[in-house]
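There are 2 protein chains.
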Amino acid sequence: MIESVVFNDDGLVPVIAQDSESGQILMFAWMNREALEETSKTGRAVYFSRSRQRLWRKGEESGHVQHVKSLRLDCDGDVLLMNVEQIGGIACHTGREHCFYRQLGDDGQWHITEKVIKDASEIYNRTPD
Amino acid sequence: MIESVVFNDDGLVPVIAQDSESGQILMFAWMNREALEETSKTGRAVYFSRSRQRLWRKGEESGHVQHVKSLRLDCDGDVLLMNVEQIGGIACHTGREHCFYRQLGDDGQWHITEKVIKDASEIYNRTPD
Numbered sequence: 001m002i003e004s005v006v007f008n009d010d011g012l013v014p015v016i017a018q019d020s021e022s023g024q025i026l027m028f029a030w031m032n033r034e035a036l037e038e039t040s041k042t043g044r045a046v047y048f049s050r051s052r053q054r055l056w057r058k059g060e061e062s063g064h065v066q067h068v069k070s071l072r073l074d075c076d077g078d079v080l081l082m083n084v085e086q087i088g089g090i091a092c093h094t095g096r097e098h099c100f101y102r103q104l105g106d107d108g109q110w111h112i113t114e115k116v117i118k119d120a121s122e123i124y125n126r127t128p129d
Numbered sequence: 001m002i003e004s005v006v007f008n009d010d011g012l013v014p015v016i017a018q019d020s021e022s023g024q025i026l027m028f029a030w031m032n033r034e035a036l037e038e039t040s041k042t043g044r045a046v047y048f049s050r051s052r053q054r055l056w057r058k059g060e061e062s063g064h065v066q067h068v069k070s071l072r073l074d075c076d077g078d079v080l081l082m083n084v085e086q087i088g089g090i091a092c093h094t095g096r097e098h099c100f101y102r103q104l105g106d107d108g109q110w111h112i113t114e115k116v117i118k119d120a121s122e123i124y125n126r127t128p129d
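Same order as they appear, the protein sequences are chains A and B. Residue numbers 1 to 129, in the working numbering, belong to the letters of the first sequence in order. Residue numbers 1 to 129, in the working numbering, belong to the letters of the second sequence in order.
Source of the hints: derived by calculation from the structure; they are not laboratory data. Just so you know, not all the hints are guaranteed correct.
Since copy identity is lost for identical chains, a pair holds within one copy or between any two.
Listed next, the in silico DSS-like pairs over lysine-lysine satisfying Cα-Cα at most 30 Å (straight line) [said to hold, decoys possible]:
(1) Lys69 <-> Lys41
(2) Lys69 <-> Lys115
(3) Lys115 <-> Lys41
Bound conformation, chain A alone (with noise of 0.2 Å):
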């Protein structure tokens, strides 16, 4: 199934977190071939994280782990669709459930539209990057 998924220059494939039981999107991240192998073998997300240049095995500090329920592959086989149930109920490092909390309003300011469920200081020893 790997051979399907076109890798991009850096050796990396986009991936949206859906969630699985509300459908709300989660979290946007990205994946490398040992990220993607991993997580189709142990259903659970592991991301690479592009500042760090690691593995990210996602709620490995928080806790916030995902469970996949389901992988989708798009039609140009360059992204992927991976619905999950979030632990905790916290996708986002700032503490809010997602990553989207942002909103365009008609005064062509963004807003912020979701509240902090856990202080990322609660979330994290030390201060989220």
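Assemble the complex: chain A is given as a structure, and chain B must be docked to it using the hints.
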């Protein structure tokens, strides 16, 4: 609002298009600054085609225009989530409702789960890319 958006080294930002009614992820594409400006000004989805290296007014050939219902920005400011009304009920150039029509099965193979609503030859007067 454009100032809050982080474009990559190619001047592009990834965009997830979600059906505003069903919550279905329709497609994934890219915008440059000009595409984003036109999209937010006109309320009609305009992408940047990497293969053609030009603005791509979604539906310009197929008629499958997308009307933008909301636009969201993620925590890092480098991904957009766009809720749209999909005219014609077809977002994919293969003539399917959406692009993520292959699902990974228990057998480790990709399986096509979505039917072709309209044959691509009927949508375009050419073979799709």
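The hints, checked one at a time:
1. Lys69 <-> Lys41: within (13 Å within a copy, 37 Å between copies)
2. Lys69 <-> Lys115: both (26 Å within a copy, 22 Å between copies)
3. Lys115 <-> Lys41: between (34 Å within a copy, 28 Å between copies)
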